[in-house]
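Number of protein chains: 2
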Amino acid sequence: MQNFEYCNKTKIIFGKETENLAGSETVKVLAGDRYAKRILLHHSGGSAARSGLIDRVKESFKKAGVEWVELTGVQPNPRLSLVLEGIEIVKKEKLELIFAVGGGSAIDSAKAIAVGAVNDGDIWDFFEKKRSADRALPIGTILTIPAAGSESSTSCVITKEEGPWKRGMNFQCNRPAFSILNPQLTYSLPPYQTACGIVDMMAHIMERYFTKVPNVELTDELCEGALRTIIRNARKIFNGAFDNYDARAEIMWTGALAHNGFLDTGRLGDWASHALDHELSAVFDIAHGAGLAILFPSWLRYVYREDMSRVARFAAKVWGVDGAFYDYEQAALEGISRMENFFRSIGMPVSFADANLDTSRIPELAKRAFSLRPVIGNFRKLVEKDALAIYEMAAK
Amino acid sequence: MQNFEYCNKTKIIFGKETENLAGSETVKVLAGDRYAKRILLHHSGGSAARSGLIDRVKESFKKAGVEWVELTGVQPNPRLSLVLEGIEIVKKEKLELIFAVGGGSAIDSAKAIAVGAVNDGDIWDFFEKKRSADRALPIGTILTIPAAGSESSTSCVITKEEGPWKRGMNFQCNRPAFSILNPQLTYSLPPYQTACGIVDMMAHIMERYFTKVPNVELTDELCEGALRTIIRNARKIFNGAFDNYDARAEIMWTGALAHNGFLDTGRLGDWASHALDHELSAVFDIAHGAGLAILFPSWLRYVYREDMSRVARFAAKVWGVDGAFYDYEQAALEGISRMENFFRSIGMPVSFADANLDTSRIPELAKRAFSLRPVIGNFRKLVEKDALAIYEMAAK
Chain A
44 MQNFEYCNKT KIIFGKETEN LAGSETVKVL AGDRYAKRIL LHHSGGSAAR SGLIDRVKES
104 FKKAGVEWVE LTGVQPNPRL SLVLEGIEIV KKEKLELIFA VGGGSAIDSA KAIAVGAVND
164 GDIWDFFEKK RSADRALPIG TILTIPAAGS ESSTSCVITK EEGPWKRGMN FQCNRPAFSI
224 LNPQLTYSLP PYQTACGIVD MMAHIMERYF TKVPNVELTD ELCEGALRTI IRNARKIFNG
284 AFDNYDARAE IMWTGALAHN GFLDTGRLGD WASHALDHEL SAVFDIAHGA GLAILFPSWL
344 RYVYREDMSR VARFAAKVWG VDGAFYDYEQ AALEGISRME NFFRSIGMPV SFADANLDTS
404 RIPELAKRAF SLRPVIGNFR KLVEKDALAI YEMAAK
Chain B
44 MQNFEYCNKT KIIFGKETEN LAGSETVKVL AGDRYAKRIL LHHSGGSAAR SGLIDRVKES
104 FKKAGVEWVE LTGVQPNPRL SLVLEGIEIV KKEKLELIFA VGGGSAIDSA KAIAVGAVND
164 GDIWDFFEKK RSADRALPIG TILTIPAAGS ESSTSCVITK EEGPWKRGMN FQCNRPAFSI
224 LNPQLTYSLP PYQTACGIVD MMAHIMERYF TKVPNVELTD ELCEGALRTI IRNARKIFNG
284 AFDNYDARAE IMWTGALAHN GFLDTGRLGD WASHALDHEL SAVFDIAHGA GLAILFPSWL
344 RYVYREDMSR VARFAAKVWG VDGAFYDYEQ AALEGISRME NFFRSIGMPV SFADANLDTS
404 RIPELAKRAF SLRPVIGNFR KLVEKDALAI YEMAAK
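Here the protein sequences line up with chains A and B, keeping their order. Residue 44 is where the first sequence starts when you use my numbering, and the numbers rise one by one after that. Residue 44 is where the second sequence starts when you use my numbering, and the numbers rise one by one after that.
With the rest of the complex left out, here is chain A:
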């Protein structure tokens, strides 16, 4: 186990009807030397508004005496231009807290605004690792799409239209002050978005699980248990239980754990698949979860020989593959195959062909993946020719 530090300040408010606490929780948050009262309400303007959620949230703000300025227009793979607009508004209006309603896109957009509002200079510098941030405005969230784990993570991923480039920044000050998670709000998610979220949270766990750091038994066990919980409940949902509170609750809470950092305490995760998918998302504007479903099986087939016993264990403990004690390689490959079949069973693409992506751009994708660094991945270090091979394996 490696030395580590872990601290997660986000308060989670979980359960039925908890969105009605938006106002009362906001006014408990210290913004500098006073409690937050003037906020930026940030969302897509789409389904959360149509469903009446935004109206309920505003009602809750009114009751608590919270004033808001609204900034809508967040889209999947959230854009830098909207972040810049948000920073302007927050500075001009002297707002004290950024309140996001939505999925990872709305929350990540809010995080970038929160950093930009109190750190002068070019916000994109943080995403290009030229600067680091240790302060931001406080953030509150209502999560409507369990997927990115942004509701209690340090992570924030933004797309710069010029390029386009999709890049992340990871700072402790990115963790929201509080996040409200009501599984009822996820009943109406379309199957495709539900599935994208499931793959995304599974990938967050698997990126951490595939490590070369030895003696990380507790977090191995926790990762495996979390993956089994997601898979079992995903099957329940896709068997028709789209409005099953308990299944939705398991998925939602596991999604937060998947990316809050606890599962990789003492470990060093891989993250090559995420890096490879960032290029897929940037070039084709495909949903993050769908991109990961396409890439993760091919990545694992490319690298499994690095530690066959770990991949066999993954097959046995997560996918119920028997026979791991006889033949690690056979078990490992069977596990990867079951993962791919599971992704397919919930309607995810598992190849470029499935998603109608243009394979002629693969060399460009491979080149882009190394624009900021010469090597990606830790379970196995990958260079451009490896990325090329993985994209090619995922082509059909």
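These are calculated hints, taken from the structure and not from any lab test. Everything numeric in this text was worked out from a predicted model, so none of it was measured. Any given hint might turn out to be false.
You can't tell identical chains apart in this list, so a pair holds if it fits in one copy or across any two.
What the hints assert, rightly or not - Derived DSS-like pairs (lysine-lysine); straight-line CA-CA distance at most 25 Å:
#1 Lys279 to Lys255
#2 Lys105 to Lys428
#3 Lys360 to Lys279
#4 Lys134 to Lys410
#5 Lys71 to Lys52
#6 Lys428 to Lys80
#7 Lys134 to Lys360
#8 Lys71 to Lys424
Knowing the structure of chain A, use the given hints to seat chain B on it.
Just chain B now, kept in the frame of chain A:
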């Protein structure tokens, strides 16, 4: 799954030689409107001083410009009189942070001082549930005995000599600002203390595991994985690997998770065994872990019919009992028997007789357990005659 709130502000600093960060971490903690510089250094004056740890900590304080007043004398089942002395010193010297070095006793004593220093009136009122606290001085810790989980929990248990009474208070403000966990510091723990700690952390998980709340799959999985991790690594240590870093690290990190509240998000734990043991500890001054080893198997044999499938699952997933699908009851009883054998294998008493406790005081123990409330436990509600039966089952 029940609605819940979860927030854990404690920063964990984990790994080799991390005790040298005591000073630099202390001066990062905000105490009111300034960073902490004047602190109370609180410990037993025993092994941590003899081993040279306290000297290293003082060196670290000096380097960081931290001034301290020292208060030693913490003992197992920490006493109210020392807490009162600590509160006096902190007020008189205008100290800004309480720094505990030791196990749960030192940390709990520090927590009580931290609350008492900024809340006037009788500190014991908090333990008798007459008042609740929402503020305390910040706390830093160096953990030397993985057991109580106090290093990142809301829990604080103190013994009032007059009675004697052993009672707890659980407030969010009890969570330390930071805790330093170096597994190397636990190599020198005597086997008996190591074993007491192992039982204590297992009990923290099992109290949460045995719930009547349905649909808590993620936390079921996490509890089981954490228990397996403790058992496997405890066996390794007691097979002679007392200075095995990796085994000690797994035990230490799992001990913090066991009681930080994450494992019972959405659940309602039982806690009858803890209540029954508080009387055992108060009357006989026996170590908490040893008392739990005596009581937990009897408690579970008394209550398992409440939910035979859950106890059978516990037997199968934690203790590897096969056959749970044929006969829940047989599997459940075999699981309890394996748990008892495991406790015995690491040198723990599993009966009053093993620990030479006076069984004639059992009626008094049963009476005491209900001095503050008419019922204990949630998996099964217990009244005085139930407590009497459980103590009697544990007698020999």
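Status of Lys428 relative to Lys105 across identical chains (alpha carbons, at most 25 Å)
neither (56 Å within a copy, 53 Å between copies)
Given a CA cutoff of 25 Å, do Lys134 and Lys410 count as a within-copy pair, a between-copy pair, both, or neither?
neither (38 Å within a copy, 63 Å between copies)
Tell me, please, which holds for Lys71 and Lys424 at an alpha-carbon limit of 25 Å: within, between, both or neither?
So Lys71 and Lys424 fail the 25 Å test inside a copy (45 Å) and across (36 Å) alike.
Is it within, between, both or neither when you check Lys279 against Lys255 at 25 Å Cα-Cα?
Answer is between; shortest inter-copy Cα gap is 22 Å, intra-copy 33 Å.
My question is about Lys428 and Lys80: at a cut-off of 25 Å on alpha-carbon distance, are they close within one copy, between copies, both, or neither?
neither (53 Å within a copy, 54 Å between copies)
Reference check for the pair Lys360 and Lys279, CA-CA at most 25 Å: within, between, both, or neither?
both (19 Å within a copy, 22 Å between copies)
How would you classify Lys71 and Lys52 at a CA-CA limit of 25 Å: within, between, both, or neither?
both (14 Å within a copy, 15 Å between copies)
I want to check one pair: Lys134 and Lys360. Are their C-alpha atoms no more than 25 Å apart within a copy, between two copies, both, or neither?
Cα proximity of Lys134 and Lys360: none, with 51 Å in one copy and 55 Å across.
The structure fails hints 2, 4, 6, 7 and 8 (numbered hints given earlier, in ascending order).
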